Structure formats: structure tokens, C-alpha cells
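Chains as they are written, first to last, in the working numbering: chain A, 1 to 183; chain B, 1001 to 1183.
There may be inaccurate statements among the hints.
[Said to hold, decoys possible] Simulated pairs of lysine-lysine, DSS-like, Cα-Cα distance not exceeding 25 Å:
1. B:K1094 with A:K103
2. B:K1021 with B:K1002
3. B:K1002 with B:K1057
4. B:K1135 with B:K1012
5. A:K94 with B:K1094
6. A:K86 with B:K1103
7. B:K1057 with B:K1086
8. A:K103 with B:K1086
9. B:K1135 with B:K1103
10. A:K86 with B:K1135
11. A:K94 with B:K1103
12. A:K86 with B:K1094
13. B:K1057 with B:K1094
14. B:K1149 with B:K1136
15. A:K94 with B:K1002
[Unchecked claim] Taking CB as the label site, the calculated pair distances span:
16. B:L1023 with A:V130: 54 to 62 Å
17. B:V1027 with A:S50: 29 to 37 Å
18. B:E1099 with A:K103: 21 to 29 Å
19. B:S1115 with A:L23: 45 to 53 Å
20. B:S1008 with A:N9: 27 to 35 Å
21. B:V1027 with A:R102: 31 to 39 Å
22. B:K1057 with A:S18: 47 to 55 Å
23. A:S116 with B:L1023: 48 to 56 Å
24. A:K2 with B:E1025: 50 to 58 Å
25. A:G88 with B:V1156: 35 to 43 Å
26. A:L31 with B:S1160: 54 to 62 Å
Since the hints were derived computationally from the structure, they do not count as laboratory data.
Note that the coordinates shown come from a computational prediction; the quantities given were computed from them, not determined experimentally.
Using N, Cα and C, we set each Cβ at its ideal position, and we do this for glycine too.
2 protein chains.
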Amino acid sequence: MKLCVVTSNPNKAREIRSYFKDLIEVVHVCLDCPEQRHEDVGEIAKEKASYAFSQVKEPLIVDDTAFYIDALSGFPGPYAAYVFNKLGNEGILKLLEGEEDRKAHFETAIAYADSSGIRVFRGTISGTLVEPRGKKGFGYDPIFEYEGKTLAEFSVDEKSRISHRARALADLREWLQACRPGD
Amino acid sequence: MKLCVVTSNPNKAREIRSYFKDLIEVVHVCLDCPEQRHEDVGEIAKEKASYAFSQVKEPLIVDDTAFYIDALSGFPGPYAAYVFNKLGNEGILKLLEGEEDRKAHFETAIAYADSSGIRVFRGTISGTLVEPRGKKGFGYDPIFEYEGKTLAEFSVDEKSRISHRARALADLREWLQACRPGD
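Isolated chain A (complex conformation):
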């Protein structure tokens, strides 16, 4: 069996291939899936997986990530990427000026699709928003502190053990090992 990673981001595909290299062959499929406007990343990932499977017709995964800030009623939520491109971390910190509550969390949903249906794996990481620190990672990483360090201060290896995506991938891996479809 092989697993298609449907994404327009080759770095993501490479990371996932490396993560599964002892278990399963991972193939990068570059396909733009229509994305629904939903509040829930699981629903967004499911819809993308359903569309992708109608095109690719092979076992595949797609993912989607949201970023929820408690003091902003969950904003930017599933629009994390759009909002980052428009406002950056500077805009987020401006919105939080005068707010005591600095809690936030990321959530990634990975949807696996094959001919028998779609299954969603989720991973979250909770932390605190701080002034930017660190040079690694991307997006909101420099302002997101987890156990004393921002995600941009963790090494890639460390981050790939603790991150929301890592947690969702670990659940997917466990499930593939237990019930590898087609075996």
C-alpha cells in the first residue's frame, strides 16, 4: 500500500514522507482542493479529503490547521493562514493589547480517505501568547510559548515531537499500524 499526501506544499509532503519512511510509501500529490468555510478544521479536512479522493482514487491524507486565541473568541480559528498573511504577529499582538488572558491553542486535523470512507485524526497544543522570540518555525510560532519556549525556539526535531501536527500524525501512524487498510 502507498499513501498519497495531497498538498500544494512540497515541504509538508517531504516531512510526512520522512515520518512514515519505515512504515509506508508516501507519494506527494499536488492538487488544490476547494476549501469550505467551516469553523471546524475536522470538517474542512473531511471535505478536502472527499474531493481529493474523487480525483485521486488512492488512499490519501489532507490536513488543515486552525489557531484559536481565547481572548479573541477563538479568532483567527480556521482562517489562521489568511489572517497571518494579512495581519502578521504584530496585528495579533495589537489585538491583545490590554488583554490579560493570553491563552491560545493550535489544532490540526488530518483526514485519511480510502474507498471505505474518511477518518479524521486531530492534534492540539495549548500555550500562551508572548512577544516574538526565536528564529525557527514559521507563522505564529515566534509568539506561541509552550513550556517556557516559543515554538520558534524549539529545534525542528523537538517541534516534530510536540506540535499539533505531530500529535495528529502519531495517531494516524498508530491507526495505520494497527489496521493498515488493504493488508
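Mind docking chain B on chain A? Use the hints.
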């Protein structure tokens, strides 16, 4: 011929029925259409119209509205409704603190669908963001100034002549009068 207005908002349907009352019978169809994540409201409205027509199979319209703030690279764009619910006008004004450029515009796209295809009508209104004034309207209306008044200071009748939605509806009306499908 009748025209279905596909929306989950009965007020919107009532307004449109009243607008077209001398021209065409307007029927409210309450249907949730999946909404794509696009930057362009025309594309969003088209996708919604295509889905709605596959369900309703009668001539219909759907619409979508975006709100673009120049100093925020167009944010909140097509996520105007989501962002208003999360941040409100207070959040928008906070993001604009220290910004000299206060220009913004609304854009509405109305997509008309029938068995021969889909046609999009657009309307925009450009203005300036100010401290909230006025009690009418909703959403961003109190902070959006057009020719010296905020949209929340215009009467409903005045607003229904100048607004982004009014302009898109006027183009649709003109087209329906000129080329009424099915006549």
C-alpha cells in the same frame, strides 16, 4: 418566471422580494450552501449558486459580501462576517490605531443561476473608517463613512440606493428586464 433567493436570512429575502415586486415573483428558499475559502466574493457566490442550482433546479440568486481595509492588506476580505463576530468594530479600530490610511470598501457579488449557466453581478462602495456613529444598519455600518455619514446614519431607504448590495441588485434588475430568461 419566478426567482428563488437562496439564503438562510429571511430579512435579506424580504428586502429582495420588495425590491423586485413589480418585476418578478421572488420566493425565499432556505438552504445552507457550502462556502468555499476564496479571496474573491464572485467566486464564492458562483460556487454557492452552482451548488444551490443542483438542489433547487429553478432560477435563483445567492450573494456574498466582503469588506476590504486598505491599511490591513484587504483584511477581513471575504471573512467579513466571521471577523465581525469575533472582533467587532472595536477590534478593527484597534488594528487601525496609528494608521493614517483609513480607506475601505465593501463588495457584494450576486450570482444568478439557471439552466443556461451562472452570471455574477457586483456592487461596491468605497469609504473611510471612523469612530462609530449612528444606530441603523448592522455590522461594520457604524464605522464606515460614505460622503460624510456612516452607513448607520443613513435611512434604510437611502442605504438601499447607495449600498454595495443595492448596486449589485440594480445591475441584476437591469439585466433581468433586458433579457428575462424564459420569456
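The hints, checked one at a time:
In summary, the hint linking K1094 of chain B to K103 of chain A is supported, as the alpha carbons are separated by about 20 Å, within the 25 Å threshold. Among the hinted pairs, K1021 of chain B with K1002 of chain B is consistent with the structure: their alpha-carbon atoms are about 11 Å apart, no more than 25 Å. Restraint check for K1002 of chain B and K1057 of chain B: satisfied, since their Cα atoms lie roughly 12 Å apart, inside the 25 Å limit. Proximity of K1135 of chain B to K1012 of chain B is assessed by CA-CA distance (about 19 Å); at most 25 Å being required, the pair is judged to hold.
A hinted pair counts as satisfied when its Cα atoms are at most 25 Å apart, and K94 of chain A with K1094 of chain B qualifies at roughly 7 Å. Restraint check: the Cα-Cα separation between K86 of chain A and K1103 of chain B comes to about 16 Å, which is no more than 25 Å; the hinted pair holds. The straight-line distance between the Cα atoms of K1057 of chain B and K1086 of chain B is roughly 35 Å, outside the 25 Å bound, and the hint therefore fails. Under the criterion of a C-alpha separation no larger than 25 Å, the hint pairing K103 of chain A with K1086 of chain B is consistent with the structure, at around 16 Å.
Simply put, K1135 of chain B and K1103 of chain B have alpha-carbon atoms about 22 Å apart, close enough for the 25 Å limit, and the pair holds. Distance check on the hinted pair: K86 of chain A and K1135 of chain B sit about 30 Å apart at the alpha-carbon level, beyond 25 Å; violated. Taken as a hint, the K94 of chain A and K1103 of chain B pair is honoured in the structure, with Cα atoms around 20 Å apart against an allowance of 25 Å. About 15 Å separates the Cα atoms of K86 of chain A and K1094 of chain B, which keeps this hinted pair within 25 Å; it holds.
Of the pairs offered as hints, the one joining K1057 of chain B and K1094 of chain B is violated, with about 45 Å between alpha carbons and a cut-off of 25 Å exceeded. Of the pairs offered as hints, the one joining K1149 of chain B and K1136 of chain B holds, with about 12 Å between alpha carbons and a cut-off of 25 Å not exceeded. Simply put, K94 of chain A and K1002 of chain B have alpha-carbon atoms about 49 Å apart, too far for the 25 Å limit, and the pair is violated. Between L1023 of chain B and V130 of chain A, the C-beta spacing of about 58 Å keeps the proposed range 54 to 62 Å intact.
The beta-carbon spacing between V1027 of chain B and S50 of chain A, approximately 31 Å, falls within the hinted interval of 29 to 37 Å. The supplied range of 21 to 29 Å is met by E1099 of chain B and K103 of chain A, whose beta-carbon atoms lie about 28 Å from each other. One distance hint, 45 to 53 Å for the beta-carbon pair S1115 of chain B and L23 of chain A, holds here, with the actual separation near 50 Å. Look at S1008 of chain B against N9 of chain A: about 34 Å separates their beta carbons, and that is inside 27 to 35 Å.
The supplied range of 31 to 39 Å is broken by V1027 of chain B and R102 of chain A, whose beta-carbon atoms lie about 50 Å from each other. The given range of 47 to 55 Å is respected by K1057 of chain B and S18 of chain A, whose C-beta atoms sit roughly 49 Å from each other. At about 51 Å, the CB distance of S116 of chain A to L1023 of chain B agrees with the hint of 48 to 56 Å. In this structure the hint that K2 of chain A and E1025 of chain B lie 50 to 58 Å apart at CB holds, the actual value being about 55 Å.
Separation of G88 of chain A from V1156 of chain B is about 38 Å and conforms to the stated range, judged on CB atoms against 35 to 43 Å. The supplied range of 54 to 62 Å is broken by L31 of chain A and S1160 of chain B, whose beta-carbon atoms lie about 43 Å from each other.
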